[in-house]
Amino acid sequence: MNVPAYYHNAKFYAPPFAFLSAAEQGRFEALGRDLAGVPVAEASAALQAGRVLDASTGEPVTWSPGDMVAALSPPLREYLSSTEYANAVATARDDRRFRLAAAP
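According to numbering that gives the first Met the number 0, the sequence shown is numbered sequentially starting from 0.
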């Protein structure tokens, strides 16, 4: 288990690590989708600087560390590969949109 202090840490840990919380995994995947054209270091710095915005509200989003795990045990592998986890991740991912604000 690890708790990535920054977005770039999580990007380098995953895979094989995934967030234990499906909601956090979905948010992480949405960030990855919406910041796909941005170098990881720049995306991470933008999150720290409040330049990543929630596309629906325009509010800045920040990185909030959560527990990431590698599925080394059968029960954890089962949980992370379950339909319920996958559906919850997809819902969280598809419900979020982010955009990058221009640098000042």
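Honestly, I wouldn't trust all of these hints.
[Unchecked claim] Using C-beta positions, here's what the derived DEER-type ranges look like:
#, residue 1, residue 2, range
1, T82, M0, 19 to 25 Å
2, N1, A22, 17 to 23 Å
3, V2, D53, 21 to 27 Å
4, P73, N1, 19 to 25 Å
5, A54, Y5, 20 to 26 Å
6, G36, P15, 21 to 27 Å
7, E83, P59, 19 to 25 Å
8, L19, D93, 16 to 22 Å
In short, the hints are calculated from the structure, not lab data.
Predicted, not measured: the structure shown is a model, and the values here were computed from it.
The beta carbon of each residue, even a glycine, is placed where N, CA and C say it ideally should be.
Hints and how they fare:
| no. | hint | in the structure |
| --- | --- | --- |
| 1 | T82 - M0: 19 to 25 Å | 23 Å, holds |
| 2 | N1 - A22: 17 to 23 Å | 18 Å, holds |
| 3 | V2 - D53: 21 to 27 Å | 23 Å, holds |
| 4 | P73 - N1: 19 to 25 Å | 20 Å, holds |
| 5 | A54 - Y5: 20 to 26 Å | 22 Å, holds |
| 6 | G36 - P15: 21 to 27 Å | 25 Å, holds |
| 7 | E83 - P59: 19 to 25 Å | 31 Å, violated |
| 8 | L19 - D93: 16 to 22 Å | 20 Å, holds |
Taken one by one, the earlier hints fail for this structure only at number 7.
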